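A.B. asks: Single-letter residue listing:
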Amino acid sequence: MLLRSIKDGVRSVFRNFSLSTASILCSTITLILVAVAMVLSANVDNFTKKIEDDMTIVVFLDSKATKEEVENIKTQIENLDNIDEDEIVYKTKAEVKMEMQSESAIFNTVMGDWNDDTNPLKDTFQLKVKDIEQINKTAKEIEKMDKVSTVQYGEGIVEKMVGAFKWIERIAYGTVLALILVTIFLIINTIKLTIFSRQKEIEIMRLVGASNFVIKTPFIVEGMFLGLIGSVIPVLVVLFGYTTLYDVTKGYLFSPIIQLIKPTPFIYYTSGIIILIAMIVGMIGSARASRKYLKV
Amino acid sequence: MKFIKIQDCYKVYKNGVTATAGLNLEISKGEFVFIIGATGCGKSTLIKMLYREEKPTKGKVIVGGIDVAKLRNGKVYKLRRKLGIVFQDFKLLPKLTVYENVAFPLNSMGLKKSEVKPRVIKALELVGLKEKIRSYPKELSAGMQQRVCIARAMVNSPKLLICDEPTGNLDPETSKEIMNVLDGINKELGTTIVMVTHDKDIVNRMKKRVIMLENGVLISDELKGKYKAHEGV
Ligand SMILES: Nc1ncnc2c1ncn2[C@@H]1O[C@H](COP(=O)(O)OP(=O)(O)OP(=O)(O)O)[C@@H](O)[C@H]1O
Ligand SMILES: [Mg+2]
Chain V
1 MLLRSIKDGV RSVFRNFSLS TASILCSTIT LILVAVAMVL SANVDNFTKK IEDDMTIVVF
61 LDSKATKEEV ENIKTQIENL DNIDEDEIVY KTKAEVKMEM QSESAIFNTV MGDWNDDTNP
121 LKDTFQLKVK DIEQINKTAK EIEKMDKVST VQYGEGIVEK MVGAFKWIER IAYGTVLALI
181 LVTIFLIINT IKLTIFSRQK EIEIMRLVGA SNFVIKTPFI VEGMFLGLIG SVIPVLVVLF
241 GYTTLYDVTK GYLFSPIIQL IKPTPFIYYT SGIIILIAMI VGMIGSARAS RKYLKV
Chain C
1001 MKFIKIQDCY KVYKNGVTAT AGLNLEISKG EFVFIIGATG CGKSTLIKML YREEKPTKGK
1061 VIVGGIDVAK LRNGKVYKLR RKLGIVFQDF KLLPKLTVYE NVAFPLNSMG LKKSEVKPRV
1121 IKALELVGLK EKIRSYPKEL SAGMQQRVCI ARAMVNSPKL LICDEPTGNL DPETSKEIMN
1181 VLDGINKELG TTIVMVTHDK DIVNRMKKRV IMLENGVLIS DELKGKYKAH EGV
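Chains V and C supply the protein sequences, listed in that same order.
Under the working numbering, the letters of the first sequence match residues 1 to 296, in that order.
Under the working numbering, the letters of the second sequence match residues 1001 to 1233, in that order.
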């Protein structure tokens, strides 16, 4: 019985050729965009996380700051939303000096006879942010604090790029959502046509005691099949397109900091999700159509 | 407990037409009942309530122990599997052969091929059409098509056969044949038959129980009744 339903569903895809083609085309375009959005967002998430992990704000304190004033600054910094409280590192100028001395022989000799009074270095806080897009704002807030001399962070261009990518990601998601709705709409109409063309058969099925499940299944199958055909090209795009992109760019975009996710197993997960989305969109379309036009 | 029980049954359509108004009726197992009356008096509405194509607006309709009014949409198929329905316009699927048409209810119930075949053959034997198994409906005469329809209705061995003007499209001679088939089913299998008809000759010849409706109300109910025309018809 299920086999028959599947056969019926598949057959009617070919029967309503033009509308079927329209729905398939639309789901293909939608799913390609879904694929692009997914690849983009996975990569943006991946490298922003990496950048965020590396990105440090260094706060140089006024050399005349007293102990209380330093404490006060620390509390203020802790109260900032975008600062990771567990990763605040305080270093006195003596500690910074020692660190630098241990790192290089030249520094060691130059700094060797600096004492606390002649040491021109400054006490510092090293901080990590939670959201890299906000790093600029956070740095400015810290700069305004009393007894803070200067604030340094990052390379500038990287944050701007992250911000741009996040915007592209958002626009892609918006477009995808709109396109999914259009696809569902087209699938509903395709299924509606099938339902209308088989109305007599459906009426008779009902009269002779076919259950709703049996009546509905071919249409659900048809919807899922439409989505599934629509997912073929997007899946190929992901499988081969992403691998090619990765090979051509040697694994990073513009700057070595922006690293791409390795193709395997990433492309397989992504393809799986695309197929799943395709079938769910098809199912939603056909379920809506059969609820509306089958009246079962 | 009667097989069919209709109590104080009203049916008011959405457009405000009252098709039945306070019907009371009981039909026992194995009976053969004609339902007659002028056009628009509510005959089809009455039998549509028997197979839950329509729900009574008020009152009770009980068929084989199932309260039709309380039956949820999703469960209607359970009632339909217990009865067979024969229509004036046959409602056969033109692209299916006679065999496939008769097998249709069993297939849509999900029966196995090996279970379907003997039942289809038996049903076609019942109506005397076994040799037309591979024909398509359009290759058959109207009478034969109606017999296919009866075979399809009987394929699931229902206790009740509902017929809405089954001879309405047939000439008198063919009508007679169809009535013989129905009478045979009633007598040999004990199937209860409720048949709506306008055919005076059939009603008078068969001498069965005759129920007459007028404006949605039962006006006569006689065993071995005769066809009575409504005044002015
Ligand atoms: N689906 C419907 N919606 C609204 N009104 C309906 C509907 N079906 C029937 N009616 C009305 O209900 C009344 C009874 O109709 P019904 O079909 O039961 O009559 P009938 O006795 O079968 O007539 P006929 O002998 O012509 O078949 C008629 O006035 C008809 O117009
Ligand atoms: Mg009628």
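The set of hints was computed from the structure by calculation and includes no laboratory data.
All values derive from a computational prediction rather than experimental measurement.
Don't take every hint at face value.
Label pairs and their computed distance ranges (CB to CB) [unchecked claim]:
hint: 1; chain 1: C; residue 1: T1018; chain 2: V; residue 2: T21; range: 24 to 34 Å
hint: 2; chain 1: V; residue 1: E203; chain 2: C; residue 2: N1215; range: 39 to 49 Å
hint: 3; chain 1: C; residue 1: D1171; chain 2: V; residue 2: E203; range: 48 to 58 Å
hint: 4; chain 1: C; residue 1: G1065; chain 2: V; residue 2: E203; range: 37 to 47 Å
hint: 5; chain 1: C; residue 1: G1030; chain 2: V; residue 2: E203; range: 47 to 57 Å
hint: 6; chain 1: V; residue 1: S18; chain 2: C; residue 2: G1040; range: 27 to 37 Å
hint: 7; chain 1: V; residue 1: L40; chain 2: C; residue 2: N1073; range: 22 to 32 Å
hint: 8; chain 1: C; residue 1: P1094; chain 2: V; residue 2: T21; range: 52 to 62 Å
hint: 9; chain 1: V; residue 1: R11; chain 2: C; residue 2: L1111; range: 42 to 52 Å
hint: 10; chain 1: V; residue 1: A164; chain 2: C; residue 2: K1075; range: 50 to 60 Å
hint: 11; chain 1: C; residue 1: A1142; chain 2: V; residue 2: E203; range: 41 to 51 Å
hint: 12; chain 1: C; residue 1: Y1136; chain 2: V; residue 2: E203; range: 48 to 58 Å
hint: 13; chain 1: C; residue 1: K1117; chain 2: V; residue 2: S18; range: 33 to 43 Å
hint: 14; chain 1: C; residue 1: K1113; chain 2: V; residue 2: L181; range: 36 to 46 Å
The beta carbon of each residue, even a glycine, is placed where N, CA and C say it ideally should be.
A.B. asks: All hints are to be evaluated individually against the structure, with a verdict given for each.
C.D. replies: Now the hints, each set against the structure:
no.	hint	in the structure
1	C:T1018 x V:T21: 24 to 34 Å	50 Å, violated
2	V:E203 x C:N1215: 39 to 49 Å	29 Å, violated
3	C:D1171 x V:E203: 48 to 58 Å	27 Å, violated
4	C:G1065 x V:E203: 37 to 47 Å	26 Å, violated
5	C:G1030 x V:E203: 47 to 57 Å	30 Å, violated
6	V:S18 x C:G1040: 27 to 37 Å	43 Å, violated
7	V:L40 x C:N1073: 22 to 32 Å	46 Å, violated
8	C:P1094 x V:T21: 52 to 62 Å	27 Å, violated
9	V:R11 x C:L1111: 42 to 52 Å	22 Å, violated
10	V:A164 x C:K1075: 50 to 60 Å	58 Å, holds
11	C:A1142 x V:E203: 41 to 51 Å	20 Å, violated
12	C:Y1136 x V:E203: 48 to 58 Å	19 Å, violated
13	C:K1117 x V:S18: 33 to 43 Å	39 Å, holds
14	C:K1113 x V:L181: 36 to 46 Å	43 Å, holds
The earlier numbered hints that this structure contradicts are 1, 2, 3, 4, 5, 6, 7, 8, 9, 11 and 12.
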